[in-house]
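**Student:** Next come the chains, spelled out residue by residue.
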Amino acid sequence: MSDRENETAMLEIKNLHASVEGNEILRGIDLKIGSGEVHAIMGPNGSGKSTLARVLAGQEDYEVTDGQVLFDGKDLLEMDPEERAREGVFMAFQYPVEIPGVSNTYFLKAALNAVRKHRGLPEMDALEFLKLVREKMKLVQMEESLLNRPVNEGFSGGEKKRNEIFHMAVLEPRLCVLDETDSGLDIDALRVVADGVNVLRNKDRGFLVITHYQRLLNYIVPDYVHVLVDGRIVRSGGKELALELEEKGYSWLEGMAPERPVPVGA
Amino acid sequence: MTVSEIRENAIEGVGGYLAELERFQPEGQPAWVQALRRVAAERFATLGFPSLRQEEWRLTNISPVAKGTFHRPESDPDALDPVQITPFDFEAAARLVFVDGRFSSRLSSAEGLPQGTVVTSLAEALLRMPEKVEPWLGQLAKLDHSFVALNTAFLRDGAFVWVPRDAVVGPVHLLFYSSSAEDGRATVSFPRNLIVTGESSQLSIVETYIGHGEYFNCPVTELAAGANSSVDHYKVQRESRDAYHLATFQLLGDRACAPSSHSISIGGSLVRNDVNAVLDGEGIDCILNGLYLADGRQLVDNHMRVEHAKPHCASHELYKGVLDGKARAVFNGLIHVHPGAQKTDAKQSNRNLLLSKDAIANSNPQLEIYADDVKCTHGSTVGQLDDDAIFYLRSRGIGAEAARSLLTYAFASDIVERIKVEPVRRDLEELLFARLPQGDVVRQAV
Numbered sequence: 000m001s002d003r004e005n006e007t008a009m010l011e012i013k014n015l016h017a018s019v020e021g022n023e024i025l026r027g028i029d030l031k032i033g034s035g036e037v038h039a040i041m042g043p044n045g046s047g048k049s050t051l052a053r054v055l056a057g058q059e060d061y062e063v064t065d066g067q068v069l070f071d072g073k074d075l076l077e078m079d080p081e082e083r084a085r086e087g088v089f090m091a092f093q094y095p096v097e098i099p100g101v102s103n104t105y106f107l108k109a110a111l112n113a114v115r116k117h118r119g120l121p122e123m124d125a126l127e128f129l130k131l132v133r134e135k136m137k138l139v140q141m142e143e144s145l146l147n148r149p150v151n152e153g154f155s156g157g158e159k160k161r162n163e164i165f166h167m168a169v170l171e172p173r174l175c176v177l178d179e180t181d182s183g184l185d186i187d188a189l190r191v192v193a194d195g196v197n198v199l200r201n202k203d204r205g206f207l208v209i210t211h212y213q214r215l216l217n218y219i220v221p222d223y224v225h226v227l228v229d230g231r232i233v234r235s236g237g238k239e240l241a242l243e244l245e246e247k248g249y250s251w252l253e254g255m256a257p258e259r260p261v262p263v264g265a
Numbered sequence: 000m001t002v003s004e005i006r007e008n009a010i011e012g013v014g015g016y017l018a019e020l021e022r023f024q025p026e027g028q029p030a031w032v033q034a035l036r037r038v039a040a041e042r043f044a045t046l047g048f049p050s051l052r053q054e055e056w057r058l059t060n061i062s063p064v065a066k067g068t069f070h071r072p073e074s075d076p077d078a079l080d081p082v083q084i085t086p087f088d089f090e091a092a093a094r095l096v097f098v099d100g101r102f103s104s105r106l107s108s109a110e111g112l113p114q115g116t117v118v119t120s121l122a123e124a125l126l127r128m129p130e131k132v133e134p135w136l137g138q139l140a141k142l143d144h145s146f147v148a149l150n151t152a153f154l155r156d157g158a159f160v161w162v163p164r165d166a167v168v169g170p171v172h173l174l175f176y177s178s179s180a181e182d183g184r185a186t187v188s189f190p191r192n193l194i195v196t197g198e199s200s201q202l203s204i205v206e207t208y209i210g211h212g213e214y215f216n217c218p219v220t221e222l223a224a225g226a227n228s229s230v231d232h233y234k235v236q237r238e239s240r241d242a243y244h245l246a247t248f249q250l251l252g253d254r255a256c257a258p259s260s261h262s263i264s265i266g267g268s269l270v271r272n273d274v275n276a277v278l279d280g281e282g283i284d285c286i287l288n289g290l291y292l293a294d295g296r297q298l299v300d301n302h303m304r305v306e307h308a309k310p311h312c313a314s315h316e317l318y319k320g321v322l323d324g325k326a327r328a329v330f331n332g333l334i335h336v337h338p339g340a341q342k343t344d345a346k347q348s349n350r351n352l353l354l355s356k357d358a359i360a361n362s363n364p365q366l367e368i369y370a371d372d373v374k375c376t377h378g379s380t381v382g383q384l385d386d387d388a389i390f391y392l393r394s395r396g397i398g399a400e401a402a403r404s405l406l407t408y409a410f411a412s413d414i415v416e417r418i419k420v421e422p423v424r425r426d427l428e429e430l431l432f433a434r435l436p437q438g439d440v441v442r443q444a445v
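Residue numbers (numbering that gives the first Met the number 0), protein chains in the order written: chain F, 0 to 265; chain C, 0 to 445.
Since the hints were derived computationally from the structure, they do not count as laboratory data. Where hints are given, some of them may not hold.
[Unchecked claim] Here are a few chain F residues that face chain C, going by a calculated C-beta distance under 7 Å:
| no. | residue |
| --- | --- |
| 1 | GLY27 |
| 2 | ALA56 |
| 3 | GLY72 |
| 4 | LEU76 |
| 5 | MET78 |
| 6 | TYR105 |
| 7 | ALA109 |
| 8 | ARG118 |
| 9 | VAL233 |
Here the structure is a predicted model, which means the values were calculated and not measured. We put the beta carbon where it would ideally sit given N, CA and C, even for glycine.
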């Protein structure tokens, strides 16, 4: 890992603190993700895993109180959510939102063209787009009928998660954040989703895979595993760390989180 | 801009209308029409204008109409510059144009219709075929409503559409243009439309209301849907922003007919639509949908009343509104199920989307059920755009404003996409794109 210190990371999170409604959830996260790397973040409920994903995506409910996030050297936290997406950050939602009245394909075309415009590429016409969509659908075994339905409306849990990976495949982001994409999936659906992700792995793309369960990491094999407890990364290691966690449980590491300071006046 | 010639007598308040009625003597009306008008004038004299103290009007202040000064137009309807109507025109089986409530034969065309079909002006029909008009005119819309009484008292012209048994007709386009006088003085007109469909016939018909300047438009449309007939009726209200539009649509359905009416409300500063349906035969399937877009200080009031008089009828109502600025919307929906109207299936829904914190929507669905084997549901919502949906769209690269527009469009297009007359639907889609910020993004995305 010492070589990495000299490389410029694609994503660099420094001492990140974030709160929601005055409660501090992230209490100093430091993390570097280089191009081509897959990082897994594991941790018990309430450790701040999803908060980290949402802060990276720019959800406004979370207030960053300290620290810095650099994406390709640019200040990510200064950007609106749409700017982050156009720069190449993608979050697959833990709970994808249903959007009645907006067709899945049309929405994706608008998103793709916004991203392409930002990158100085010409907008895609309907025919090119359809070709691209057909090709990407195969990656996640999406049924064609889901294309013309309103975004996520009436989709099953598995269909929603597949749709997220499908969006990711079409938008071709540089950094993919998967927020518990595995939760609630049966083994077949999990395989489909994981295969889709694995096809998208390449030397220019980084992944931050957030999961509660070790099982996903049998299918998406990470380069690094980090354990988040109480808003801090308490242990980092290779993929074998996930197995160790599986064996010993989170309680093994929970004691390693520093005590929370007692709020003034409490 | 084409403007109306007006009569010099100013009409103001109830007394002003009654005085004008003394002077209002259209030529050649059959005695029964004169009698109907007299009864209506008496009803209006008794009723006067509604006030906020009346339950049906408690949220809709009509004082701009009750206290305003208006003039009856005397313009030549054939003198209208066609340029005024071209943007709203589309290729139809027949087109009738009315200027300040009077028929323009020059701008109208109704040729090549199926044998026996009548699409003409009401004034013409009263002269040439009163026997077709008499059984229906004034028999559907009730005079216990001030503005129906006023319209009937001033009854002179409008559209008459008569579709014979088994005929398939449409789309028929009724285009109503109104305007203020050259000096800005406000006009008032009372278009009166009668639509009758024969057994097993089919009709699609569009009423479009447009205009310039300040005026008070008080139309009444009566529709008698014959047994087993299918009728698609559309009303697109795009009056001037200074107009007062107080309209009544009255539907009477016979056995197994399938009437639908879509009411789109966009223009006007004060708008009231009374939509009443009486389902007076078994097996009727009635659809009443609406969309209202309002901003600035517009007030849009939709009052619905559906009467299930016979068993085995279905009525489905969906009214949606998008309100911005300081706009106000009122929705009052009553479903009344008569004794014996078993197996009624009635559904009513009103959804309001508020785009600003100053917009207000009042929604009041009501059920009155006097039968015991029925399925009746109603619901209403008033809310803002979903923050989670906005964030989801933004997180995929769509800008904040475009995301809001896309969601607003999706909300409104739910009604627009049900319009089966393609040019009307396309026109309204374009209008939505034009009104929404970043409409181009939305246009590309849908």
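**Student:** Hint numbers the structure violates, sorted upward?
**Tutor:** 1, 3, 4, 5, 8 and 9
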